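Order-wise, the sequence lines are chains W and P. Numbered continuously in the numbering used here, the first sequence closes out at residue 314. Numbered continuously in the numbering used here, the second sequence closes out at residue 435.
To be clear, the hints were calculated from the coordinates, so they are not data collected in a lab. In this text, all values refer to a predicted model and were calculated from it rather than measured experimentally. Where is the CB? At the ideal position from N, CA and C, for every residue including glycine. Just so you know, not all the hints are guaranteed correct.
Unchecked claim - Pair ranges (Cβ atoms, derived):
| no. | chain 1 | residue 1 | chain 2 | residue 2 | range |
| --- | --- | --- | --- | --- | --- |
| 1 | P | K419 | W | E191 | 32 to 40 Å |
| 2 | W | E194 | P | D372 | 49 to 57 Å |
| 3 | P | K419 | W | I73 | 27 to 35 Å |
| 4 | W | D181 | P | K434 | 31 to 39 Å |
| 5 | P | C70 | W | D181 | 37 to 45 Å |
| 6 | P | T359 | W | P256 | 38 to 46 Å |
| 7 | W | E151 | P | D16 | 56 to 64 Å |
Stated by the list, open to error - To list a few chain P residues with every Cβ distance to chain W over 12 Å, as calculated:
| no. | residue |
| --- | --- |
| 8 | K60 |
| 9 | N68 |
| 10 | G135 |
| 11 | A308 |
| 12 | Q365 |
| 13 | S398 |
| 14 | A415 |
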Amino acid sequence: MLKIENLKASIEGKSILNGINLEIKAGEVHAIMGPNGAGKSTLSSVLAGRADYTVTEGKANFMGKDLLELSPEDRAREGLFLAFQYPVEIPGVSSTNFLKTAINEKRKYLGLDPMEATDFLKFMKLKMEEMEMDKSLTSRSLNEGFSGGEKKRNEVFQMAMLEPKLCIMDETDSGLDIDALRLVSAGVNKLRTPERSFLVITHYQRLLDYIVPDFVHVLYKGRIVKSGDASLAKELEVKGYDWIKQEVEAAV
Amino acid sequence: MNLLEQIKSDFSNYAAQAEPGVFFDKRLEAFAELEKFGLPTLKNEEWKYTNLRKIAEGNFTNTCNSNLDAKTLIEAGILNRIECNKLVFVNGCLFPELSDFLDEEPGVILSNIAQARKNHTSIFDAHFGKYIKLEGEGLNAMNTAMMSDGAFVFIPKGKKLRYPLMITNIVDANSHPVLQQPRNLIIIEASASATIIENYIAVGSNSSFTNVVNEIFVDENASLEHYKVQRAKGETYHNNYTQIFQNGNTNINQVTLTLDGQWVRNNLHFYMNGQNCNSLLYGLYITDGNQFVDNHSRVDHAKPNGFSDEKYKGILKDQSTAVFNGKIMVHLDAQKTNAYQRNMNIILSNDATVNTKPQLEIFADDVKCTHGATIGQLDEEPMFYLRSRGISENEARKMLLNAYADDIAEKIKIPELVQILEEEIERKL
Ligand SMILES: Nc1ncnc2c1ncn2[C@@H]1O[C@H](COP(=O)(O)OP(=O)(O)OP(=O)(O)O)[C@@H](O)[C@H]1O
Ligand SMILES: [Mg+2]
């Protein structure tokens with residue numbers, strides 16, 4: 063589904079990603095962990111198409127297409143979704159209108175007719191129930207005045223509405239209370255299918271207790287320096303990152 | 007003939023056969039001011055960015071002849087969707103066929119000025135020319151000396167105008183360049199209330215200059231909703247001076263929407279002549295091509311406990327230019343004043359220009375005032391967020407600009423007018 067090869071990216075001349083290699087196949091769940099400032103959000107931003115970053119080298123292929131050539135909107139329409147670490151508040155843009163526009167623009171791209179207003183509302187209601195979303199949130203402006211946790215839950219709700227092929231979740235668990243974490247994880251698990259893949263960025267094992275990854279990668283200084291299965295996350299929880307940092311420094 | 011020569015010639019024709027009286031004296035006085043000061047030039051601080059040269063040199067004709075029929079005028083944009091009292095003027099003269107009043111409350115007077123001068127002479131003479139400043143204001147003097155017809159509104163004590171009054175001024179520049187000088191006089195007595203909409207449109211390919219003066223008096227405990235919608239397309243030059251004189255405990259909500267017009271200057275002046283005045287001034291301008299739009303405002307907090315909130319927002323495209331100059335004057339007497347003022351601009355092109363100057367002059371010591379201005383592009387973060395959900399750049403931009411403009415649209419209390427504004431925004435963007 064996604065194949066990243068030797069991806070390097072910089073911002074304002076400062077190199078942040080220093081050669082990422084990663085392959086995600088349909089239905090897989092990959093977790094990325096790593097210390098603050100390692101480049102995790104940068105990787106997700108580069109994949110989603112944020113213009114601030116310059117890709118200096120490397121390739122990313124998504125569903126047979128050169129991902130890096132696509133506009134951010136076309137990446138989304140092709141089925142890539144990024145749940146942001148810090149979702150932005152957009153006063154004056156209604157959540158409902160936003161979702162309807164997003165869904166219909168994607169349908170147009172795929173050559174489908176727009177969804178009828180009533181069908182859309184039914185679909186939204188269904189997804190809200192599935193994700194256990196509070197109705198009042200979607201009647202407000204997009205993320206405006208939402209609490210940190212509400213914003214994160216709204217990201218997962220949007221993900222459910224847009225039915226992507228690859229879900230990149232950037233610290234969706236940070237800032238969630240225990241119940242919300244359970245709800246979000248349950249929501250994500252409902253979205254899991256044999257075709258849909260996940261790239262979950264997190265600092266904590268507790269999310270991975272709910273969403274069990276097939277692979278765990280450690281990102282450090284813009285490189286994936288270690289990969290393993292779910293047990294790697296448990297090991298990191300106990301030992302922290304120092305031993306990995308030392309391994310990396312020793313290898314240099 | 008340039009504009010001033012034309013006005014002088016028109017005035018001497020008028021003076022030769024005018025009846026003596028209060029009205030004539032006012033106009034004579036105005037004419038003298040005009041001769042003394044002339045028209046403002048770039049040397050005048052208040053006109054630093056606003057060049058009148060094209061107008062001053064223009065060869066406009068001051069007659070109301072027009073062959074347009076009612077149907078054409080309606081199609082030109084009379085805003086028929088709003089259920090309201092209507093006064094329609096074409097090239098400065100009343101168009102009776104489209105003028106129509108729904109309010110029939112005894113004591114309420116809705117009329118054109120020409121009629122009101124005859125039928126309500128004492129009220130007219132008591133207020134006409136009383137509020138507007140002529141000294142150093144050449145265009146106000148010019149309007150007063152050689153005014154066209156306009157609206158006369160009188161809402162007596164405790165009465166409420168049930169339907170809004172829409173004053174539509176249409177330029178018909180099909181056969182020649184047009185000069186019109188609408189003059190409106192609005193008197194709202196104590197505890198009365200009214201809603202007024204000014205609607206400006208234009209047809210025809212010749213140029214035009216519209217020079218409006220509004221004198222508005224709002225007595226104690228009264229309230230006013232005032233909207234100005236500028237949609238006069240083509241080579242139109244438009245100057246509007248609205249003077250609002252408010253006594254104590256009055257509430258005024260004023261919204262200025264500038265969408266079309268080659269050259270537009272709005273002057274808005276609130277004078278708070280009593281305690282507890284509440285004045286809201288909101289504006290939205292969306293400019294494209296080489297439009298020029300200047301919003302000048304001044305709020306005089308002359309008495310204590312006044313509140314004013316001003317917010318003007320602009321969206322600029324192409325090579326257009328906007329000027330904002332807002333002055334809040336807090337007089338020595340005006341303790342406990344709360345005054346807020348903001349001007350925000352979003353520039354969508356490298357060739358657009360904004361000159362903004364928010365000003366506070368405070369002579370009282372116990373006041374709360376803030377002001378500020380911003381000029382920038384659309385924020386990148388929301389833009390990326392929307393695009394990352396599959397929404398095209400164009401659509402995302404539209405959504406964000408609509409949200410930005412909604413902030414002003416929600417100050418409009420007439421739903422049909424909000425809807426019309428939304429359509430206009432859609433058209434302009
Ligand atoms: N706009 C920017 N200008 C300069 N440096 C930046 C910019 N954006 C990110 N960086 C730097 O890039 C590095 C990687 O940042 P990134 O946000 O990807 O880290 P992260 O792994 O997501 O960290 P965290 O776990 O704290 O979220 C950091 O050192 C950060 O300061
Ligand atoms: Mg991060």
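State the violated hints by number, sorted upward, taking the hints as numbered earlier in the document. 3, 5, 6, 13, 14
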